[in-house]
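Asker: Here is what each chain is made of, one letter per residue.
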Amino acid sequence: MTYKTLDIQKIRSDFPILQREVNGQPLVYFDNAATSQTPQQVINVIVDYYSQYNANIHRGVHSLSQEATDAYEQARQKVQQHFNAAKAHEIILTSGTTHSINIIASGYASLLKAGDELLVSAMEHHSNIVPWQMLCEKTGAILKVIPMTQQGTLEMNTYDTLLNEKTKLVFVNHVSNALGTVNPIEEIITKAHAVGAKVLIDGAQAAPHIKADVQALDIDYYVTSAHKLCGPTGVGMLYGKEDLLNSLPPYQGGGEMIAEVTFKKTTYADLPHKFEAGTPNIAGGIAFGAALDYMNAIGFDAIAAYEQELLDYGTAQLKAVDGVAIYGEAKEKTAVISFNVKGIHPYDIGSILDKMGIAVRTGHHCAQPIMDYYQIPGTVRASFSFYNTKEEINLMIAALKRAMAMLQ
Amino acid sequence: MTIQETQREIIEEFSLFEDWMQRYEYMIELGKSLPLIPEEFKTDDNIIKGCQSKVWVHAALDQDKLQFSADSDAIITKGIIAILIRAFSNQHPKDILDANTDFIDEIGLKEHLSPTRANGLVSMIKQIKLYAIAFQTQLN
Chain A
1 MTYKTLDIQK IRSDFPILQR EVNGQPLVYF DNAATSQTPQ QVINVIVDYY
51 SQYNANIHRG VHSLSQEATD AYEQARQKVQ QHFNAAKAHE IILTSGTTHS
101 INIIASGYAS LLKAGDELLV SAMEHHSNIV PWQMLCEKTG AILKVIPMTQ
151 QGTLEMNTYD TLLNEKTKLV FVNHVSNALG TVNPIEEIIT KAHAVGAKVL
201 IDGAQAAPHI KADVQALDID YYVTSAHKLC GPTGVGMLYG KEDLLNSLPP
251 YQGGGEMIAE VTFKKTTYAD LPHKFEAGTP NIAGGIAFGA ALDYMNAIGF
301 DAIAAYEQEL LDYGTAQLKA VDGVAIYGEA KEKTAVISFN VKGIHPYDIG
351 SILDKMGIAV RTGHHCAQPI MDYYQIPGTV RASFSFYNTK EEINLMIAAL
401 KRAMAMLQ
Chain B
409 MTIQETQREI IEEFSLFEDW MQRYEYMIEL GKSLPLIPEE FKTDDNIIKG
459 CQSKVWVHAA LDQDKLQFSA DSDAIITKGI IAILIRAFSN QHPKDILDAN
509 TDFIDEIGLK EHLSPTRANG LVSMIKQIKL YAIAFQTQLN
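Just so you know, the sequences run in chain order A and B. Position one of the first sequence corresponds to residue 1 (the working numbering), numbered consecutively onward. Position one of the second sequence corresponds to residue 409 (the working numbering), numbered consecutively onward.
Just so you know, the hints here were simulated from the structure itself, not pulled from any lab data. Treat the hints with care, since some could be wrong.
Unchecked claim - Here are the in silico distance ranges between beta carbons for each label pair:
1) S441/B with Q25/A: 26 to 32 Å
2) I455/B with D160/A: 38 to 44 Å
3) N498/B with V321/A: 57 to 63 Å
Unchecked claim - Cβ-to-Cβ under 7 Å is the rule here; a few derived chain A residues that face chain B:
4) D270
5) H345
6) Y347
7) K355
8) G363
Note that CB positions come from ideal geometry on N, CA and C, so glycine has one too.
Put together the whole structure using the sequences plus the hints.
Answerer: Written out as structure tokens, the structure reads:
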């Protein structure tokens with residue numbers, strides 16, 4: 001399964017769902033930023049697990065348990081290699097990005113004091129805002145916001161002035177889910193480290209497009225979800241530097257995360273198990289590894305180059321439609337186009353596109369502060385993946401024109 | 409006309425349409441043509457915030473019948489509001505409480521009344537029923 005160049009028809013044939021119809025029309029799936037589709041190779045891994053070696057991990061002496069444990073730990077290593085973490089136990093397998101962020105936010109409750117400062121960007125998903133607001137309520141720490149520009153980029157000058165010795169944590173998405181902006185995380189990290197602050201990078205939107213090297217970028221915490229990169233839902237990862245993860249208390253108590261339990265005192269297990277209480281999503285974890293294999297076989301450079309082509313084509317086609325306004329025009333963008341049509345509510349466009357088999361997201365994309373910034377109720381968001389085509393973009397444009405004719 | 413009679417009439421009207429486009433075009437027409445709520449009632453008190461679209465709904469008792477007015481920032485949502493108001497407005501609170509909204513399924517607009525759609529319509533129907541309960545109590 002090696003692709004020398006992107007053979008899109010071959011790739012498309014890997015995804016059974018792309019063959020189906022919606023409302024009597026061939027499906028055009030442009031909601032990849034919400035969740036990506038799953039190739040047969042990954043589906044097979046899930047089926048194989050439940051048909052061949054379903055067993056609880058890390059505790060059985062029997063063969064099935066050993067096979068399942070090996071496969072699960074092998075998946076952890078695949079995640080480690082993919083993100084170039086120094087050690088496999090720096091990878092915590094979680095239920096997804098939200099869970100990963102909550103592990104860190106909850107852990108910092110015991111490390112912060114009133115008056116400490118946390119920096120969040122103005123273009124975060126609610127899941128990278130709310131856990132920190134809860135943390136601030138608990139600790140008396142102060143949440144400050146790195147503002148954004150009309151173009152959909154962060155005001156880096158203001159970031160410089162917000163950073164000071166009271167700043168303990170900075171959390172920014174690598175890529176904005178609503179705008180597609182790629183944030184300058186290298187600069188953000190270097191500057192935060194200069195004042196002694198740690199940085200959490202939300203990679204939920206970046207991971208399907210950009211391979212982040214956590215060591216090269218000196219990332220403290222990196223989080224993402226498998227279902228954004230052709231894997232199953234309900235599984236994700238948290239990378240943390242070993243010493244940082246060791247300094248945080250466990251998130252949940254339970255089985256698997258202990259070294260020794262008596263009614264007087266329990267000592268916790270070492271990484272990564274300290275943060276993996278309970279039976280995890282075993283099939284999901286193994287399939288996460290398979291999804292990374294699938295995408296790496298295609299190659300992230302090839303994926304990025306092809307998606308850039310789709311983005312440029314889609315942007316040009318949409319701009320040529322009278323009345324369309326695009327939100328988020330950063331130079332560095334992933335294949336996400338958020339737009340509105342003058343005088344038409346995004347819900348109306350989305351409803352009619354759906355009737356024509358075209359799946360886009362409408363609404364505030366769980367990033368209300370961005371919508372407030374632009375003073376709009378929401379946007380229509382078309383997000384492309386490497387299995388999409390220019391022909392599909394043409395179908396969307398034609399459908400959009402029909403919708404506009406009906407609605408205007 | 410009773411709520412049931414109005415609903416039957418709406419179902420008959422929609423049965424004349426041949427495809428989804430005609431249904432949607434009709435709803436869009438309804439949404440565009442009706443001033444559904446006086447500006448003075450388009451207040452934050454009367455707003456239902458969906459994730460997708462906003463809905464305003466206001467109720468007043470006229471003799472023993474409930475009058476509804478409502479609006480939305482999305483035109484398709486507004487079209488469905490127009491249909492709901494046609495069915496439920498100018499009716500006794502008790503009749504409103506007894507009525508259901510199955511006719512929306514029958515006219516092929518079911519997806520817009522899904523709770524997960526978050527367009528404010530499900531909350532609007534709940535609100536209509538709450539008004540009916542409140543005014544029913546007042547009438548007793």
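Asker: Can you give the numbers of the hints that this structure goes against, from lowest to highest?
Answerer: 3, 4
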